[in-house]
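**Q** Once you've looked at the hints, dock chain B against the given chain A.
The listed protein sequences derive, respectively, from chains A and B. Residue 230 in the working numbering sits at position 230 of the first sequence; the count goes up by one each step and never skips. Each position in the second sequence, counted from 1, maps to that position plus 1000 in the working numbering.
These aren't lab readings, by the way, just hints derived from the structure by calculation. From a predicted model like this one, the values you see are computed outputs, not experimental measurements. Note that the Cβ used here is the ideal one computed from N, Cα and C, for glycine as well. There could be a bad hint or two in this list.
Cross-link-like lysine-lysine pairs, in silico, DSS-like; alpha carbons within 27 Å at most [stated by the list, open to error]: (1) B:Lys-1063 to B:Lys-1052; (2) A:Lys-128 to B:Lys-1052; (3) B:Lys-1288 to A:Lys-128; (4) B:Lys-1252 to B:Lys-1063; (5) B:Lys-1174 to B:Lys-1033; (6) B:Lys-1288 to B:Lys-1191.
Among chain A residues calculated to face chain B with C-beta under 7 Å, some are [to be verified]: (7) Arg-86; (8) Thr-179; (9) Asp-232; (10) Tyr-233; (11) Leu-239; (12) Lys-240; (13) Gly-241; (14) Glu-251; (15) Arg-254; (16) Asn-255; (17) Pro-330.
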Amino acid sequence: MTAYSFFHRVLMAAITLFGVAVIVFVLLRVVPGDPIAMMISPGASEADIAALRAQYGLDQSLPVQFWIWLTSVLSGDFGTSISLRRDVLELLAERLPATLELAAAALVFAVVLGIVIAVTATLLSRTKLSPLVDTLNGLFLAVPDFVWALALVLIFGVLLPVFPLSGRINPDSQEGFATQFYLLESLLTLRFRDLADISLHMIMPVLALGLPLASIITKVLKEALAEAMVQDYILLARLKGMSRLRLVLQEALRNAIGPTIALTGVQFTFLIGGTVIVERIFAYPGIGNMAIDAVINRDLPLIQGLVLVFGALFILVNLATDALVVAFNPRMEA
Amino acid sequence: MSDLLLDISGLSAISLREGGNPILRDVSLSLKKGEVRGLVGESGAGKSTIAKALLGILPRTVKVTSGTMRFEGRDLLTMAPRDLSAIMGSDIALIPQDPQTALNPGRRIEAQLTDGLRLRRGMNARDAHARALQLLSEVHIRDPERVLKAYPHELSGGMRQRVMIAAAFSLEPKLVVADEPTTALDVTVQKQILRLIRGMQEAHGTAVIFVTHDLGVVAKICDSVTLLYGGKVIEAGPTADVLADPRHVYTKALIAAGPRYDRPDAGLEPVPQWVFDQLHQEIRTGAKEILHG
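The following block holds chain A by itself, in its conformation from the complex:
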């Protein structure tokens, strides 16, 4: 990437984020619902309400409110959560790592599973198993993440209770962590008992988020592989004595992976969106779960902070996707 195109991208990202900020700010103030009404105790006087309104800056005009909010965000102050009465930035820093670990784990799971199934299906493409794979995958494609979540709760939480139903970690071992990246930290510090505990908590949400993505990856990659496998270079490599497995992995996969990465990037942003509902179902303490509470409580500063974080995540994922696509396609080196 040249310096120019890098600068261009950063500028575009900033403009996009600003747009997101404007839309969310306006939308939140247009839709009905009053955050102050959620806070006051019954029987509070008009003066109390007005004082509270002034304390949170809600007595100002919309543009002024936006200007105040924007300038403080730029200086690193995301405001104070109305419902939790805590600094928004602090809350985000506490919860974001949980969601990042969950989304990353779901992504890794989906990519590995998708590639394994697509490659296996390609190796079996001339057998009777091939239509079976397609049919099963079609079925998986049709099931959204929250349905998986509910089904998993029913199967592994209720009927066959092998996995913990909710949360991120056994509360007793929570104290020993220096960061909020529990999975990463336990792995790096070789605390395998904690690692196992965290992994067990993550299995169901990861499955719920990852399975739909895995079936999309499978579908796209399998089609791209089938297209590559009829090319002349595959035939020539076969004549040179390459095994079928190696043909798929070394010759075809590298040309089929490009479109798959591009699509996975887009779908991964949907997966991040899916964390909202899936975290809720498994009472997983990430920003998605927090977003639902924030909306219910009309916690304007917290919602705005959360939406900005989600927006930034989407932009980062798209940037990373573009970089990966270029890295895997020698024709796009620039």
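**A** Okay, now just chain B, sitting in the frame of chain A:
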């Protein structure tokens, strides 16, 4: 005859897709060591089917019904898959039609050119690299180090076809099947590539089956020619004899249909319909092919 390399005899095949339509009818042809034979015919004449059968890559929709295909005395059609794959790419190599799709866009030339050397000859990376350099200079590529590091899209069509030729000859095959190797190229490059294939063939003493629809190409580089129509051999023999003294009306009409460089304003003479009528009649009745010499 000890210098007989390939002997195809009575080869017949049908297409399973078109309800058992014959696509090869009792085809016989032989090839001596170091001989270049043109396999000429229009689309659907069966020339590509023969080439594919030679490489053991017939599609599933094609079924060989009779005949043998002896390579150094061993029938390729009945050989165990393991023996067959030991011959393919090693003793019998392919120069493909379209160098655009014949090179993997995602791998460097070096990797693709040395696959065979490493897989078939067990060469290590350094020896394979040296051999690849040598091969590239043999096909007159001026800057072989740069080409080895390049990706296919960085090379011109002619360069890519040179690389394919180098790859085909890399394992010193006894037979190279050239499947219309100049069709996808510029006219100006075609001539160089033809000369190059002939040069490589002579230097290595390799026999070549040259699949083409162009009698002009045959005249330039083939020792002998087999003309096919509708899966049947129409006329075969040494190139000079067939072109100078065509006996079948189809051969005569094909030669007449070619452009005349000595009379550029003469225009092109299409093959008349009655010639095709006669061909179809002969195919139905199973008339014998015309063999020269």
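**Q** For every hint, state whether the structure bears it out.
**A** Hint by hint, here is what the structure shows:
Under the criterion of a C-alpha separation no larger than 27 Å, the hint pairing B:Lys-1063 with B:Lys-1052 is consistent with the structure, at around 12 Å. The hinted pair formed by A:Lys-128 and B:Lys-1052 meets the criterion: a straight-line CA distance of about 26 Å does not exceed 27 Å. Of the pairs offered as hints, the one joining B:Lys-1288 and A:Lys-128 is violated, with about 44 Å between alpha carbons and a cut-off of 27 Å exceeded. In summary, the hint linking B:Lys-1252 to B:Lys-1063 is not supported, as the alpha carbons are separated by about 32 Å, beyond the 27 Å threshold.
Simply put, B:Lys-1174 and B:Lys-1033 have alpha-carbon atoms about 7 Å apart, close enough for the 27 Å limit, and the pair holds. Simply put, B:Lys-1288 and B:Lys-1191 have alpha-carbon atoms about 35 Å apart, too far for the 27 Å limit, and the pair is violated. Against a cut-off of 7 Å between C-beta atoms, the interface hint on A:Arg-86 is violated, since the closest Cβ of chain B lies about 51 Å away. For the restraint placing A:Thr-179 at the interface with chain B, the shortest Cβ-Cβ distance is roughly 39 Å, beyond the 7 Å limit, so the hint is violated.
Contact between A:Asp-232 and chain B, as hinted, is supported at the beta carbon level, the nearest pair being about 4 Å apart and thus within 7 Å. About 4 Å separates the beta-carbon of A:Tyr-233 from the nearest beta-carbon of chain B, less than 7 Å, and the hint is met. Contact between A:Leu-239 and chain B, as hinted, is supported at the beta carbon level, the nearest pair being about 4 Å apart and thus within 7 Å. For A:Lys-240, the interface hint holds, since its Cβ comes within 7 Å of a Cβ in chain B; the closest pair sits about 4 Å apart.
Contact between A:Gly-241 and chain B, as hinted, is supported at the beta carbon level, the nearest pair being about 5 Å apart and thus within 7 Å. At a threshold of 7 Å, the smallest CB-CB gap from A:Glu-251 to chain B is about 6 Å, leaving the interface hint in force. Checking A:Arg-254 against chain B by beta carbon gives a least distance of about 4 Å; that is within 7 Å, so the hint holds. Residue-level restraint check for A:Asn-255 holds (minimum Cβ-Cβ distance to chain B is 5 Å; threshold 7 Å).
Checking A:Pro-330 against chain B by beta carbon gives a least distance of about 4 Å; that is within 7 Å, so the hint holds.
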